[in-house]
Amino acid sequence: MKLRKIENIDTTMFEQGIPIMAQLRDHHSTTRAETMFYDLTIKLCDEVMSAVKGGRPFVTNVMSFPTEIYWAMDIAGIEYDFIAGMFSLYMGNKDEIFTAAKSIGIRPEICSAQRAPIGWFAKGWFPKPTAIVNTSLCQCDNCAQNANIMGALYDVPVFCITRPYLFWTQKGLDFMVEEIKDAISFLEKTTGHKMNYDKLVEATRLTKKQMEISVEIHNLIKTARPCPVKSGTGFLIHFLRMMYAGRQEGVDYCQAFLDEMKERVASGKGYTPEEKYRLVSCYTFPPGMHGLLDWMETQGATLVAEPMYHYYNEAEVAKIDPTKPLEALARIFYVEPYHGFYGPYEVFSDMIINDAIQSGADGAVNFFNTNCRMCGAVSRLIKDQLRDKAGLSTLTVDVDVMENSAAVEEELKKKLEQFFLVLDNAKRKVA
Amino acid sequence: MAEMLKTIEEIGKVNASFPFTEPARKWKEQGKKIVGWICINVPEEVIHAAGMMPFRLTGGNEEISLDLANEYLFSGGTCSFSRTILELQLRGEYGFLDCIAGATPCEGVIRLAEVGSYYHNIPTLPLLDTPRKFNDLAYKFYHGEVMEFKKNLEKFFGVTITDEAIVDSIALYNKTRTDLKKLHDLMKSNTPPLSGAEMLEVLNAAVRMPREDFNTLLEKLLEEIKTTGRSLPAAPRIMISGALLNTPSFVQSVESLGVNVVVDDFCNGSRYWWEQVEDGDPWKALAKRYLLPKCSCPRINPPQNRTDWISQIAKDFRLDGIIALTMRCCAPYILNLPMWKTRLEDEGVTVLDLDIEYGGGFSGQIRTRIEAFVEMLSLEVEI
Ligand code: SF4
Ligand code: SF4
Chain A
1 MKLRKIENID TTMFEQGIPI MAQLRDHHST TRAETMFYDL TIKLCDEVMS
51 AVKGGRPFVT NVMSFPTEIY WAMDIAGIEY DFIAGMFSLY MGNKDEIFTA
101 AKSIGIRPEI CSAQRAPIGW FAKGWFPKPT AIVNTSLCQC DNCAQNANIM
151 GALYDVPVFC ITRPYLFWTQ KGLDFMVEEI KDAISFLEKT TGHKMNYDKL
201 VEATRLTKKQ MEISVEIHNL IKTARPCPVK SGTGFLIHFL RMMYAGRQEG
251 VDYCQAFLDE MKERVASGKG YTPEEKYRLV SCYTFPPGMH GLLDWMETQG
301 ATLVAEPMYH YYNEAEVAKI DPTKPLEALA RIFYVEPYHG FYGPYEVFSD
351 MIINDAIQSG ADGAVNFFNT NCRMCGAVSR LIKDQLRDKA GLSTLTVDVD
401 VMENSAAVEE ELKKKLEQFF LVLDNAKRKV A
Chain B
432 MAEMLKTIEE IGKVNASFPF TEPARKWKEQ GKKIVGWICI NVPEEVIHAA
482 GMMPFRLTGG NEEISLDLAN EYLFSGGTCS FSRTILELQL RGEYGFLDCI
532 AGATPCEGVI RLAEVGSYYH NIPTLPLLDT PRKFNDLAYK FYHGEVMEFK
582 KNLEKFFGVT ITDEAIVDSI ALYNKTRTDL KKLHDLMKSN TPPLSGAEML
632 EVLNAAVRMP REDFNTLLEK LLEEIKTTGR SLPAAPRIMI SGALLNTPSF
682 VQSVESLGVN VVVDDFCNGS RYWWEQVEDG DPWKALAKRY LLPKCSCPRI
732 NPPQNRTDWI SQIAKDFRLD GIIALTMRCC APYILNLPMW KTRLEDEGVT
782 VLDLDIEYGG GFSGQIRTRI EAFVEMLSLE VEI
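First to last, the protein sequences are chains A and B.
So in the numbering used here the end of the first sequence lands on 431, straight run, no missing numbers.
So in the numbering used here the end of the second sequence lands on 814, straight run, no missing numbers.
Please note that a few of the clues may not be correct.
Straight-line distance between alpha carbons at most 20 angstroms, and here's what the computed EDC-like set of lysine to aspartate or glutamate pairs gives [said to hold, decoys possible]: (1) B:Lys571 / A:Glu275; (2) A:Lys2 / B:Glu778; (3) B:Lys457 / B:Asp739; (4) A:Lys2 / B:Asp739; (5) A:Lys2 / B:Asp644; (6) B:Lys571 / A:Asp294; (7) A:Lys2 / B:Asp784.
With beta-carbon atoms standing in for the labels, derived distance ranges [what the hints assert, rightly or not]: (8) B:Gly792 / A:Glu316: 49 to 59 angstroms; (9) B:Ala447 / A:His290: 51 to 61 angstroms; (10) A:Met91 / B:Asn736: 50 to 60 angstroms; (11) B:Met435 / A:Lys389: 39 to 49 angstroms.
What the simulated footprint calls covered on chain B by chain A, stretch by stretch (three residues with Cβ under 8 angstroms from a Cβ of chain A suffice, anywhere in the stretch; the number is not a length) [what the hints assert, rightly or not]: (12) 490–504; (13) 532–539; (14) 684–694; (15) 731–740; (16) 752–761; (17) 775–788.
Since the hints were made in silico from the structure, they are not lab data.
Note that beta-carbon positions come from the ideal geometry of N, C-alpha and C, so glycine has one too.
Extracted from the complex, chain A is given alone in its bound form (with noise of 0.2 angstroms):
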């Protein structure tokens, strides 16, 4: 097949995706938090569908664009990936958006988090966006480049947001400037919206209160003992935030996060009975092994620290000045813990290293992302690095982040259950 126009656009499938999210709630949910992770996606699934239906121009974007944009621009926006996935993750249709992406092309190579927006696309699935933005977050090529296929699918426009590989430095940063200012005339220009300044101002303000609290929550995560943090948890406040950047919904999430957090502290408990096992995740936890995470916490396996979604540099976060709205998104861009894991190795291995460290962790997990480019290139180096600088072993698994059946759960369970060995010898020597 080749890469052409996609003339049927039918929106049935994503439409039936979202009472998916109220069922994951009223199954899953144990924290307040988390029930409003669910309420609030589905609540930006149903402004993109009443967009779409009454015309008002709707933009879809990888992750980490800076959404504030569409909040101070009045248009309506959802994250590409993380939408399409985790549909599919639930609707049990991944196979059929694989193939449909694989008949243009796009082999199995490309990790699922990128294929399967390009799949739900391919099937004319997808809601049809005004323009589609990307990022290429520096080092993800599939980022920075499966939003060609899209527009290409649809025959909309598309902007690709570069960001430089030293993303610290004054030059990196006037860089970044100009780009968002490219980005904002692209968008002015595609939905004929223009930017209201007034707002961005507001909407950086509320990112940025949103990143004190987290900056609040990655300390108590660090020094709290029994773990005040529902493992896995550390996915949803980072898409949320991403999502909701710039409103006040992210700010109450945040803070609910935060809230139920201290009262766990404040009682002394944690969410594992007994934690046996502290354990650094130095990736993603597969987000739909729902199973797996009750079955570590009756191990008392606990993710304690999450570096790539709760570390917040609090210097660099005091330095975001909302009255400069640009420079304070390009800021708000680098402070993003999850953005340190694509920029230069170091300042990745440092967030989990240091995490390590300070959380006491007995261990690492290294549950990184089937085919992924990034994490799967460096998690021999991971390993090296914990074991010579915290002295700590990783259990390192490729697993494919949408992956949740049976038969995966249990292979991880054993695995799981083997470096629980480990660590329990390891325990036994220091004694």
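Based on these hints, arrange chain B with the ligands on the given structure of chain A.
For chain B with the ligands alone, kept in the frame of chain A given last:
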């Protein structure tokens, strides 16, 4: 069968001694330095102007086992090109390099540099940060990177790179580009003077020996073609496209099926020589040239320029078909190929989309599919 050209034989000898080629060995014997570079965003002229020999990091003439590299660079997501380089580094085969200069074109080479520098002992200079687009902002940014690269080289080796030296080096490298263009222009003939495999030998040697000597060989080759009037029989005309390819034996096998490979779309091929460094401020001109605005690489956004460029090549070289070699895990290429494939096919050029590994041989499925492709072209094309 056309007679072998003497200059091609000479060039072949350079490549036969890869990686520590004879010319590189002689250079080192004179006490001079060699800087290994990876990726065509690294301006070789800067290394040359510092008095060193730039040497491109590639794999050799055949596929090698990647056992060592696979321990350190996860094979599930990292292309076999990056792993081949790491393998050679870890085996010590690149031990003759004084340092490595790299850029940030894609995750493959970034992670190679980051991982490699932890496990091998060849010093690695800070990477040139290469934007994924070309506009005024990107040029300005890259100009800063090129200046930084100059400083880093100067500091590392304790040398000074003067403006005069860079101007001279640019002239020398532009001469290579001019002559490679002349050579490729000859390939536009129905009966081209060189096979694609021979051309690849030439291109491989270009980055494995002192540039002055290579330019001499290139001039000699052009002269020999002129005097011998060498030409190959007409056959369907194809381009091989991909990230990069360094194994002439692969091209030779393709051609043995009855086609002429008249041009390529590799970063060690036409993307390497296509664009000249323009006149004006040498440092700014270098920055602009090394972002490859015209013959852009698959990673560049937006992809339109690249599609136009390939379409133009297809017309200029009167291509009948294109073999697109998709290296497993090369995300930039995988995600770019569909962007131009449809357009080329609509323009009447058949495109064969094939999965390969870097350095991989011509056997099994690959042979079968290329054979079928060539057969189809031969039916379509009247020579
Ligand atoms: S999983 Fe890896 S390759 Fe995929 S989007 Fe994330 S960083 Fe990029
Ligand atoms: S462009 Fe492709 S082949 Fe080249 S280093 Fe990057 S991933 Fe590997």
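Hint check against the structure, violated hint numbers in rising order = Going through the list in order, the structure violates hints 1, 3, 5, 6, 10, 11 and 14 and respects the others.
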